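**Student:** Build the full structure now, drawing on both the sequences and the hints.
Number of protein chains: 2
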Amino acid sequence: MTTRLDDTHDPALMSWVETANDPATDFPIQNLPIGMFRRTGSHEAFRPGVAIGDQIVDLSAARQAGALPADVASALNACEPGQLNAFMAQGRAVRVALRRALSQGLKRGSAQQALLSSCLVPQAQAEYALPCRIDGYTDFYTGIHHATAVGKLFRPDNPLLPNYKWVPIGYHGRTSSIAVSGQAFRRPLGQLKPPTADTPVLGPSKRLDYELELGVFVGAGNALGEPIAIEQAEDHAFGLVLLNDWSARDVQAWEYQPLGPFLAKNFATTISPWIVTMEALEPFRSAWTRAEGDPQPLPYLDSAETRERGAIDITLEVWLQTPKMRENGQEPQRLMQSNYRDAYWTVGQMIAHHSINGCNLQSGDLLGSGTQSGPADDQGGSLLELTCGGSKPVRLVNGETRTFLEDGDTVVLRARCERPGFRSIGFSDCLGTVLPAPEAPRR
Amino acid sequence: MTTRLDDTHDPALMSWVETANDPATDFPIQNLPIGMFRRTGSHEAFRPGVAIGDQIVDLSAARQAGALPADVASALNACEPGQLNAFMAQGRAVRVALRRALSQGLKRGSAQQALLSSCLVPQAQAEYALPCRIDGYTDFYTGIHHATAVGKLFRPDNPLLPNYKWVPIGYHGRTSSIAVSGQAFRRPLGQLKPPTADTPVLGPSKRLDYELELGVFVGAGNALGEPIAIEQAEDHAFGLVLLNDWSARDVQAWEYQPLGPFLAKNFATTISPWIVTMEALEPFRSAWTRAEGDPQPLPYLDSAETRERGAIDITLEVWLQTPKMRENGQEPQRLMQSNYRDAYWTVGQMIAHHSINGCNLQSGDLLGSGTQSGPADDQGGSLLELTCGGSKPVRLVNGETRTFLEDGDTVVLRARCERPGFRSIGFSDCLGTVLPAPEAPRR
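Keeping their order, the protein sequence lines are chains A and B. Going left to right, the first sequence walks through residues 1 to 443 as the UniProt record's numbering numbers them. Going left to right, the second sequence walks through residues 1 to 443 as the UniProt record's numbering numbers them.
Hints in this document: simulated from the structure, not taken from any laboratory. Quick caveat, the model's predicted, so the values are computed rather than measured. Cβ atoms here follow ideal geometry from the backbone N, Cα and C, with glycine treated the same way.
List of simulated lysine-lysine pairs, BS3-like, C-alpha gap at most 30 angstroms:
{"hint": "1", "chain 1": "A", "residue 1": "K206", "chain 2": "B", "residue 2": "K165"}
{"hint": "2", "chain 1": "A", "residue 1": "K165", "chain 2": "B", "residue 2": "K193"}
{"hint": "3", "chain 1": "B", "residue 1": "K165", "chain 2": "A", "residue 2": "K193"}
Okay, the calculated beta carbon distance ranges per label pair:
{"hint": "4", "chain 1": "B", "residue 1": "L202", "chain 2": "A", "residue 2": "S74", "range": "36 to 46 angstroms"}
{"hint": "5", "chain 1": "A", "residue 1": "C388", "chain 2": "B", "residue 2": "K152", "range": "30 to 40 angstroms"}
{"hint": "6", "chain 1": "A", "residue 1": "D157", "chain 2": "B", "residue 2": "E292", "range": "29 to 39 angstroms"}
**Tutor:** Laid out in structure tokens, this is it:
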């Protein structure tokens with residue numbers, strides 16, 4: 001099995017940033033995810049940082065202090081303010097160089113401790129922005145349990161379409177309404193036509209939902225007309241974030257044929273602030289297989305590496321906090337848990353498929369994984385699934401119920417990688433809150 | 001009827017750029033479309049220009065020469081190099097100010113003739129770029145004759161879906177593969193599964209097609225969560241271009257359910273270089289009506305102005321030049337003609353609908369109209385329609401036939417507005433050429 005494990009993954013590695021050694025932290029020295037931050041409430045420019053324990057290494061400060069290798073400093077220097085795209089475009093080598101440099105500099109006993117100490121900003125004092133300019137956002141549909149469950153609701157006679165097991169189904173989403181964790185958005189207005197009604201009416205969505213997804217940021221792109229071979233596909237992936245693909249189910253049901261979801265999805269999409277790099281995920285790779293009886297992928301989607309290590313073991317969770325919970329000081333409640341290793345198509349397959357027709361991917365493009373539901377009924381990655389299409393309300397611990405989201409509800413996505421013999425890493429929360437709908441536009 | 005006609009539309013107005021007075025020109029002084037150009041083969045920066053006759057007014061030169069009003073100069077000055085977005089964001093007022101200033105400066109007898117003469121570049125010496133950064137591209141489906149004809153082929157039992165007459169159907173497209181007229185692109189590879197085959201294979205699309213559309217560039221945007229009222233919707237439109245939504249029909253048929261077109265469309269999209277402003281289109285507005293028996297639009301899509309002047313009378317044409325025609329020195333052959341006034345939904349309705357859920361439009365966003373086919377069989381805006389799904393080849397004047405596009409074929413879209421009592425204006429050609437497919441990626 002091809003492995004890219006190195007010293008930076010050593011589970012014995014400890015940091016002089018002591019909070020990074022807490023077993024519960026998302027950000028041990030083995031993770032080192034990249035984001036875009038500034039001090040909360042300041043008018044500082046957003047700048048790239050790397051999370052370590054409860055701190056952030058300010059990469060602009062580290063660059064100025066001479067604490068980064070020349071190629072990393074040069075790639076960061078090429079970035080436009082607040083946009084990591086130029087760094088992402090450099091591909092794997094420079095990303096690995098940053099990881100090695102910070103691993104060395106942040107480990108216990110490092111000669112760089114004094115230098116890097118002066119570049120730390122506490123996460124408690126930080127706010128985040130999108131890590132890069134997102135020129136393209138494509139949402140895939142790689143969760144077969146989700147596709148089957150939702151297919152049953154939209155097309156009872158035909159839940160999983162014949163193309164599903166051959167084509168990594170995807171569609172283009174809207175980039176302008178993507179925001180970082182903490183996004184609060186108004187419940188969307190839209191055309192609603194219950195099956196029993198003759199004509200649609202305009203109103204606030206009554207079936208507002210979340211979707212539990214991962215997002216893949218593209219690193220190096222490809223030229224128009226030049227497909228990316230499956231063997232090289234993962235080299236074009238920069239890293240992963242959590243992604244909440246908020247969905248208005250009533251709008252979706254009425255609008256989606258024949259050209260797919262549009263206003264049902266494009267009002268808001270939330271991602272977690274830290275990009276967990278492909279290198280950090282290295283210890284959690286596993287074999288990717290096809291269930292017996294399922295077709296093998298076409299050659300342009302198949303490779304030895306895909307089969308040996310195409311899957312990634314990431315535990316995914318959805319948590320909900322209602323306004324009543326918040327008022328009563330109650331923490332969010334977990335609604336479900338699933339795992340990304342159940343995805344039907346891999347990160348590499350998404351990239352190879354997206355570019356097979358010559359479509360040019362660009363650094364900073366975001367690829368959604370589609371909703372990651374597990375095989376069991378209680379593993380639905382959306383309320384649509386957990387409530388069987390809104391027919392069986394979810395009962396919450398405080399006695400409340402939910403069929404779909406209500407105003408003031410906060411949804412938190414969480415993800416963590418654990419494997420015996422390796423240090424666990426996390427993604428940090430991806431959090432979003434529903435605000436009341438606006439008035440319909442005046443006439 | 002609300003009218004915004006003014007002195008700049010006076011059909012008697014003549015220019016000291018004598019080629020602008022040729023009745024056949026696309027660019028009389030009543031048009032004044034905006035584009036992004038440089039001298040062909042130079043390493044000059046692309047800069048904004050306005051077409052007049054066979055010349056271009058270099059707006060950067062005109063600004064430096066002091067020939068533009070202060071607000072226009074300031075808006076142009078705010079633009080990033082090669083990107084009109086900051087100018088477009090200023091909305092209608094600054095666009096009108098530019099139009100008035102150039103109309104005054106370019107008319108016969110203008111005191112600015114000497115000054116502006118020095119700012120002219122011949123179109124014969126120019127090459128073009130996209131006029132702005134296109135952050136979002138949404139393709140609508142407003143051609144009801146196209147939707148019906150294509151619906152018959154994809155869903156014989158159910159050609160026009162129940163939502164069509166209520167919802168301005170649209171979906172998100174890919175921005176990275178949009179290019180300006182002259183684009184040559186490789187025939188896409190994709191999964192092909194003829195209805196008779198059990199499994200798909202990877203191969204070059206055998207059913208490559210064009211689609212005749214108009215594209216609407218968004219001027220001023222809206223904030224996330226703030227729908228645009230139908231009464232204000234057209235104020236957010238900057239102007240129109242021709243748009244060729246190249247489509248691989250075999251890929252589309254296999255991939256498009258349930259999430260819509262993806263690789264069938266995102267390999268290339270071509271637009272004409274000059275944006276014809278909403279002001280230039282003013283004389284060609286007409287009443288917009290619903291056919292008897294069709295539902296009236298919901299209130300958020302309805303307004304007095306929509307009904308009085310929602311339609312735009314633009315004659316649209318598709319021309320084809322095969323490699324053999326080119327070798328023999330034959331001009332392209334016209335394949336069809338239709339008119340944009342037949343669109344089922346207006347420009348304002350597209351904008352009001354797109355934002356009703358709070359989705360934020362951004363300056364420079366591009367909205368495709370969908371294929372504009374006419375009501376007659378010979379008015380199909382794609383080969384799919386003209387050949388009845390590939391079953392009846394089109395016979396060309398030189399004895400060749402086409403069911404779908406072959407390598408080397410050049411497709412030219414053309415558009416022109418004519419109305420008695422007004423000066424005719426044109427859009428200039430939107431031209432694209434099919435190159436052979438690449439090899440499948442090596443394994």
